[in-house]
Amino acid sequence: MSIENKIPSKSPQTASRIVDGEAVIVLLKKSRVHVLNEVGSRIWELSNGKRSIKKIADTIFKEFQVTKKKALKDTIEFVKSLTKKEMMVLK
Amino acid sequence: MKLDYYQKIVKKTVDENIPFTVHFDLTYKCNLKCVHCYVTEEKGEKELSTEEIKSIINQLAEANTLYLTFSGGEIFTREDFFEIASYARKKGFALRLLTNGTLVTPQIANKIRDLNPLSVRMSLYATDPDVHDAITRSKGSQRKTVKAFSLLKEREIKVAINSVLMKENVGEFKRLKAFAQEIDSGFVFDLGIIPCDNGSKKPLTHRLTENDLIDFFSSNSRTSEWEPIEIPDDSPLCGAGLNTIYISPYGEAYPCVSIRESCGNLTRQPLSEIWQAPILKRLRATKFSDLKECSTCPLKSYCFRCPGLALLEDGNLFGPSQAACTLARARKTTYEKPRKATD
Ligand code: SF4
Numbered sequence: 329m330s331i332e333n334k335i336p337s338k339s340p341q342t343a344s345r346i347v348d349g350e351a352v353i354v355l356l357k358k359s360r361v362h363v364l365n366e367v368g369s370r371i372w373e374l375s376n377g378k379r380s381i382k383k384i385a386d387t388i389f390k391e392f393q394v395t396k397k398k399a400l401k402d403t404i405e406f407v408k409s410l411t412k413k414e415m416m417v418l419k
Numbered sequence: 007m008k009l010d011y012y013q014k015i016v017k018k019t020v021d022e023n024i025p026f027t028v029h030f031d032l033t034y035k036c037n038l039k040c041v042h043c044y045v046t047e048e049k050g051e052k053e054l055s056t057e058e059i060k061s062i063i064n065q066l067a068e069a070n071t072l073y074l075t076f077s078g079g080e081i082f083t084r085e086d087f088f089e090i091a092s093y094a095r096k097k098g099f100a101l102r103l104l105t106n107g108t109l110v111t112p113q114i115a116n117k118i119r120d121l122n123p124l125s126v127r128m129s130l131y132a133t134d135p136d137v138h139d140a141i142t143r144s145k146g147s148q149r150k151t152v153k154a155f156s157l158l159k160e161r162e163i164k165v166a167i168n169s170v171l172m173k174e175n176v177g178e179f180k181r182l183k184a185f186a187q188e189i190d191s192g193f194v195f196d197l198g199i200i201p202c203d204n205g206s207k208k209p210l211t212h213r214l215t216e217n218d219l220i221d222f223f224s225s226n227s228r229t230s231e232w233e234p235i236e237i238p239d240d241s242p243l244c245g246a247g248l249n250t251i252y253i254s255p256y257g258e259a260y261p262c263v264s265i266r267e268s269c270g271n272l273t274r275q276p277l278s279e280i281w282q283a284p285i286l287k288r289l290r291a292t293k294f295s296d297l298k299e300c301s302t303c304p305l306k307s308y309c310f311r312c313p314g315l316a317l318l319e320d321g322n323l324f325g326p327s328q329a330a331c332t333l334a335r336a337r338k339t340t341y342e343k344p345r346k347a348t349d
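Each protein sequence line maps, in turn, to chains A and B.
The number in my numbering is simply the position in the first sequence, starting from 1, with 328 added.
The number in my numbering is simply the position in the second sequence, starting from 1, with 6 added.
No lab work stands behind these hints, which were simulated from the structure alone.
Heads up, some of the hints might be wrong.
[As the list claims (entries may be wrong)] Distance ranges between label pairs, derived from CB positions:
| no. | chain 1 | residue 1 | chain 2 | residue 2 | range |
| --- | --- | --- | --- | --- | --- |
| 1 | B | T83 | A | K358 | 26 to 32 Å |
| 2 | B | Q13 | A | K358 | 47 to 53 Å |
| 3 | A | K357 | B | S278 | 32 to 38 Å |
If you're wondering where the values come from, they're calculated on a predicted model, not measured in any experiment.
Even glycine gets a Cβ: it sits at the ideal position worked out from N, Cα and C.
For reference, chain A alone in the conformation it holds in the complex (with noise of 0.2 Å):
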């Protein structure tokens, strides 16, 4: 399967809140806390484990000045950059 068309949701290793639009994530394990920018912030929100990366970029292109490509480019590299730190997993 293309990686467009993967699934990502929030790992069990993490907990989380959005503040005034940006994602505070918690790795449990490690007891680190990481502060998403607003994009950032978006695509976490989105990722439910039900909507494909694909379907992501799409709201990303519609809410944020950015091409289709690039939103597209941006949500694969930065779900790819969140499964690699846990906090993130991809179906």
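With chain A fixed as given, assemble chain B with the ligand onto it according to the hints.
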């Protein structure tokens, strides 16, 4: 001072009064009988049901609470504990559990692991079983708590020793610290014995005296730890009501565990209404400079004044707290005491 991203978020929760951190006592029932315990079960009062707790959890999630501490009493005396805790995890909270650890079996330890809590703090008063058991007034309790540490560590759960230092166990401090290091556990200790929540001062007979405190500080810390700290005039009194709140097993909400002035009951009022209670508004509006006596006190930079304790023991939320005055004097004496060059 430059704040990092996370500190900015925390500041935002204080400025915008978001209840970011909540302490929720799920029960006052306990299988131990600790000599210094401040909890008094209210006869005839019914503790919250599973559904009532879930409804409070929903409201906390909506109010943007991130850190949720479950404590008691002993949390594992509640048969529905894991149902409640799993529900809270599904709602995105970072859970901290406070327990005496004596009811932790391998099966319970597995369930705790599956919850992915942020941390589990367990009360340990001494490495010597006799000293610990005399405090808990329960024979064999120390052995069970120590066993719980190994059960949780085996499952890679983040643990911390939670100790209260009092006359009976102050001599155990170094051994407890060494034990924490040995098992790779966190170590938090408290010198604050507080009166019972019904006002009884019985636990205070166990509290360290000023001389005990000076001895303890001098022999267990470096002078630099007791350096005076400047308190800006516009500092809030503490986090109570700013970005934290306490909930009792009866659903009663208070600014914190020691400020026993009710904000309302969550079985009858929504959190959004309780969060605007007069006592919380008063706390939010009060700055350190508004405290008539404390703001001009020569000891203020040595003092960790707790408004709740000032109210409980001395009857005035905004007045001096005798317990804090004693601690501040002991800190100052320790700091000013001539020491070896290595200190
Ligand atoms: S509590 Fe006591 S020591 Fe602390 S500032 Fe007030 S008067 Fe001073």
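Here is what the structure says about each hint:
1. One distance hint, 26 to 32 Å for the beta-carbon pair T83 of chain B and K358 of chain A, holds here, with the actual separation near 31 Å.
2. Between Q13 of chain B and K358 of chain A, the C-beta spacing of about 18 Å breaks the proposed range 47 to 53 Å.
3. Between K357 of chain A and S278 of chain B the CB atoms are about 33 Å apart, so this pair conforms to the stated range of 32 to 38 Å.
The structure fails to meet hint 2 from the earlier list, while all remaining hints are met.
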